[in-house]
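Student: Here's the letter readout for the chains.
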Amino acid sequence: MTLLDARPGRPVRILKIDDERARAQCVRFGIGEGTVVESAEKLPFGPVLVRHCQQEICMGRKLARRVLIEDAAGA
Amino acid sequence: MSATAACCEPTTVEAPAAARRIVLVGNPNVGKSLFFNAFTGLYVDVSNYPGTTVAVSSGRMGDDVVLDTPGIYGVSSFNDEETVARDIVMEADVILNVVDAVHLERDLFLTQQVIDMGIPVVVALNMIDEAAAKGVDIDVEQLSRLLDVPVISTVAVRREGFDEVREALDEARVGRSDRELQERLTELLDRVDTRPEALLVLEADPFVSERTGVSVDGQRDGVYQDRRRRVNDVTAAVVHRPQGRADFGARLGRALVRPLVGIPVLAFTLFVMYEVIGVFVAGTVVGFTEGTIMQGYVEPFLRGAIEQVTGSSGVPYSILAGEFGVVTMTVTYIFGLLLPLVVAFYLLMSTLEDSGYLPRIAALSDRLMSGIGLNGRAIIPMILGFGCITMATMTTRILGNERERRIATALMAFAIPCSAQLGVVVALLAAAGGGTIAIAYGVIMVFIFGLIGLALDRVLPGKSTDLLIDLPPLRLPRPRNVLTKTYHKTVMFLKEVTLYFVAGALLLSVLELTGALQALQGLLAPLTVGWLELPAAASNAFVMGFVRRDFGAAGLFELGLSGTQILVALVTITLFVPCIASVLIIMKERGRLFTAAVWFGSVGLAFAVGGVVARVAGVL
Numbered sequence: 001m002t003l004l005d006a007r008p009g010r011p012v013r014i015l016k017i018d019d020e021r022a023r024a025q026c027v028r029f030g031i032g033e034g035t036v037v038e039s040a041e042k043l044p045f046g047p048v049l050v051r052h053c054q055q056e057i058c059m060g061r062k063l064a065r066r067v068l069i070e071d072a073a074g075a
Numbered sequence: 001m002s003a004t005a006a007c008c009e010p011t012t013v014e015a016p017a018a019a020r021r022i023v024l025v026g027n028p029n030v031g032k033s034l035f036f037n038a039f040t041g042l043y044v045d046v047s048n049y050p051g052t053t054v055a056v057s058s059g060r061m062g063d064d065v066v067l068d069t070p071g072i073y074g075v076s077s078f079n080d081e082e083t084v085a086r087d088i089v090m091e092a093d094v095i096l097n098v099v100d101a102v103h104l105e106r107d108l109f110l111t112q113q114v115i116d117m118g119i120p121v122v123v124a125l126n127m128i129d130e131a132a133a134k135g136v137d138i139d140v141e142q143l144s145r146l147l148d149v150p151v152i153s154t155v156a157v158r159r160e161g162f163d164e165v166r167e168a169l170d171e172a173r174v175g176r177s178d179r180e181l182q183e184r185l186t187e188l189l190d191r192v193d194t195r196p197e198a199l200l201v202l203e204a205d206p207f208v209s210e211r212t213g214v215s216v217d218g219q220r221d222g223v224y225q226d227r228r229r230r231v232n233d234v235t236a237a238v239v240h241r242p243q244g245r246a247d248f249g250a251r252l253g254r255a256l257v258r259p260l261v262g263i264p265v266l267a268f269t270l271f272v273m274y275e276v277i278g279v280f281v282a283g284t285v286v287g288f289t290e291g292t293i294m295q296g297y298v299e300p301f302l303r304g305a306i307e308q309v310t311g312s313s314g315v316p317y318s319i320l321a322g323e324f325g326v327v328t329m330t331v332t333y334i335f336g337l338l339l340p341l342v343v344a345f346y347l348l349m350s351t352l353e354d355s356g357y358l359p360r361i362a363a364l365s366d367r368l369m370s371g372i373g374l375n376g377r378a379i380i381p382m383i384l385g386f387g388c389i390t391m392a393t394m395t396t397r398i399l400g401n402e403r404e405r406r407i408a409t410a411l412m413a414f415a416i417p418c419s420a421q422l423g424v425v426v427a428l429l430a431a432a433g434g435g436t437i438a439i440a441y442g443v444i445m446v447f448i449f450g451l452i453g454l455a456l457d458r459v460l461p462g463k464s465t466d467l468l469i470d471l472p473p474l475r476l477p478r479p480r481n482v483l484t485k486t487y488h489k490t491v492m493f494l495k496e497v498t499l500y501f502v503a504g505a506l507l508l509s510v511l512e513l514t515g516a517l518q519a520l521q522g523l524l525a526p527l528t529v530g531w532l533e534l535p536a537a538a539s540n541a542f543v544m545g546f547v548r549r550d551f552g553a554a555g556l557f558e559l560g561l562s563g564t565q566i567l568v569a570l571v572t573i574t575l576f577v578p579c580i581a582s583v584l585i586i587m588k589e590r591g592r593l594f595t596a597a598v599w600f601g602s603v604g605l606a607f608a609v610g611g612v613v614a615r616v617a618g619v620l
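Going down the list, the sequences are from chains G and Z.
The first sequence: position 42 = 42 (this note's numbering), numbered continuously.
The second sequence: position 412 = 412 (this note's numbering), numbered continuously.
Hint data in this document are derived by calculation from the structure and do not stem from the laboratory.
Do not rely on the hints blindly, as some may be mistaken.
Part of the chain Z face toward chain G, derived, beta carbon under 10 Å [as the list claims (entries may be wrong)]:
no.	residue
1	Glu105
2	Thr235
3	Ala237
4	His240
5	Leu467
6	Lys485
7	His488
Here are the simulated DSBU-like cross-link-like pairs (lysine-lysine), alpha carbons at most 30 Å apart as the crow flies [stated by the list, open to error]:
no.	chain 1	residue 1	chain 2	residue 2
8	Z	Lys463	G	Lys16
9	Z	Lys588	G	Lys42
10	Z	Lys588	Z	Lys485
11	G	Lys62	G	Lys16
12	G	Lys62	Z	Lys463
13	Z	Lys134	G	Lys42
14	G	Lys42	G	Lys16
Each residue gets a CB set at the ideal place from its N, CA and C atoms; glycine is no exception.
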């Protein structure tokens with residue numbers, strides 16, 4: 001499942017970010033592989049918003065498609 | 001390549017031998033400049049870092065030199081801001097790292113990276129009041145113990161904690177890094193000069209690797225993830241966060257990116273901008289500065305002065321004070337027309353930036369922009385393009401890569417009318433009765449804009465970068481900060497472009513004196529009459545658009561055109577070549593080949609589209 005498939009409002013665990021630069025930038029923002037974040041918002045045809053510790057990250061759609069996740073509702 | 005130039009020439013600020021270089025470092029919007037202003041007072045030097053639009057401020061605090069750096073999330077070279085900050089950080093004696101108490105998890109990554117570099121650090125834990133208001137509880141002593149550097153709580157807007165920070169600078173410490181990481185850095189030290197260099201080489205920073213001739217591949221992910229783990233451990237130990245509902249600011253921030261609320265708010269914002277800049281500044285203010293002050297007083301004075309030296313005729317007089325006089329035209333254009341517009345644009349953009357709304361506009365427009373090979377961040381130069389293509393072309397430096405800069409520059413040069421031109425376009429549309437003609441003009445321009453974007457995205461090699469930004473909390477902008485930003489950006493703009501306007505005027509004078517301008521008009525006249533079905537004199541208007549885009553459009557007023565003819569003429573003139581100053585800036589930023597392609601491309605496109613519009617309108 002990719003971040004693009006996540007239902008808004010659900011907690012998800014980031015498994016893999018398939019883009020070198022984005023991966024580094026996300027780690028700086030506090031989101032590494034393994035981090036649980038909230039899939040906050042999906043703009044129609046637009047970017048995806050992810051929430052993590054009172055901060056919001058906006059990620060382009062194409063990039064969101066390269067971020068693998070799993071549902072973390074039980075975690 | 002501007003970035004390369006910047007990396008190889010670190011700024012040198014002269015300092016007495018005993019003085020320390022204190023460097024302010026922090027994420028964007030954490031209040032660094034408030035510290036800088038309080039510490040350095042009035043005598044501050046702001047300069048444009050070579051090859052970038054990034055401003056670096058430096059000032060004095062006692063014997064020490066204090067340098068402010070652009071806001072960054074980490075030290076590397078992902079963009080111009082980082083490149084500049086990286087070079088300054090690497091030369092620092094002491095680092096004052098300002099962190100946002102509300103977003104410690106994010107901010108401490110940079111803190112830990114600087115600690116890993118082995119540079120003495122003091123941490124200012126800023127906005128501690130905001131954190132308290134949100135119920136975030138931070139164990140400051142424990143944080144200081146874990147990082148092993150002084151940590152001072154501050155509220156920068158009220159200057160709380162500033163004295164303590166100043167004192168703590170004498171106790172700055174190297175801090176606790178990771179033993180294994182430091183061992184790896186020590187191994188690298190026989191090949192590079194300093195520990196910061198060693199770390200950046202290990203993190204595969206392309207510029208530092210090239211500069212030192214040492215490269216290490218495939219380590220960055222590991223180093224980053226390990227640092228992230230350490231930072232998370234520290235935050236987990238010192239931060240206690242309540243599980244609660246989002247406050248009003250956060251909820252408003254979220255609503256603003258949802259189309260249902262976001263699009264009407266954006267439309268309203270753009271409408272206000274248009275009223276303020278397009279109507280008030282471009283009309284009323286410029287009417288006064290350009291018409292009354294410049295043409296009424298300054299130009300006659302300058303002409304008189306030049307006449308004393310050169311006499312009132314002959315080549316030197318024409319070049320200096322003639323129709324495109326290097327002295328007269330440049331002064332009027334820059335101070336009468338551009339200055340008020342540029343100030344107005346930077347004021348509004350700085351306000352949007354400081355309020356935290358600008359990143360949300362980028363989020364909203366990402367979908368549209370990604371269709372034409374750009375991402376949401378490109379909305380910033382696009383908006384500025386409606387002010388001045390020259391200013392906007394410089395701002396394309398914020399975009400992710402050269403491919404995006406090319407697409408954005410070309411789109412602006414082709415299809416975005418600058419404010420000077422827009423003023424005349426609106427007046428002509430009103431003269432044509434507005435309504436249908438105005439809508440047709442808008443639809444055609446948006447259509448062509450999209451078409452050019454799609455085509456460039458297809459044709460240009462490479463890949464554009466994706467949007468990946470942090471949406472900061474919404475805040476009320478601080479007027480002082482907005483004014484300072486506007487002032488520095490305006491000064492920088494003037495410094496950078498004045499020479500190009502002088503060169504442009506000189507080139508035009510030469511073209512006119514040699515008859516080249518008239519020849520070009522003659523060349524275009526048959527096309528204008530036969531293909532566009534406009535009077536021959538309209539070709540003068542097009543060629544004058546090369547001088548100043550609004551001169552061109554203004555020339556159409558006197559021709560008594562019909563509604564259809566106005567539409568054809570306006571479409572053609574908007575698509576026609578950008579003014580000579582922007583052509584020169586485009587050449588500087590994107591190179592000769594690109595500029596030639598844009599220039600000839602826009603002549604071709606303008607006439608092709610204009611002709612098609614004339615044909616279609618004729619049938620309708």
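Student: Does each hint hold? Answer for all of them.
Tutor: Going down the list of hints, with the structure as the test:
1. Glu105: 4 Å, holds
2. Thr235: With Cβ-Cβ at 8 Å, under 10 Å, it holds.
3. Ala237: 15 Å, violated
4. His240: Violated: closest Cβ of chain G sits about 12 Å from His240/Z, beyond 10 Å.
5. Leu467: 4 Å, holds
6. Lys485: 23 Å, violated
7. His488: 27 Å, violated
8. Lys463/Z with Lys16/G: Holds. Lys463/Z to Lys16/G sits at ~21 Å (cutoff 30 Å).
9. Lys588/Z with Lys42/G: Roughly 40 Å separates the two Cα atoms, so the pair is violated.
10. Lys588/Z with Lys485/Z: Within the cut-off at roughly 25 Å; holds.
11. Lys62/G with Lys16/G: 15 Å, holds
12. Lys62/G with Lys463/Z: Holds, because 12 Å separates the two Cα atoms, which is no more than 30 Å.
13. Lys134/Z with Lys42/G: 26 Å, holds
14. Lys42/G with Lys16/G: Holds, at roughly 19 Å.
The structure shown violates the earlier hints numbered 3, 4, 6, 7, 9.
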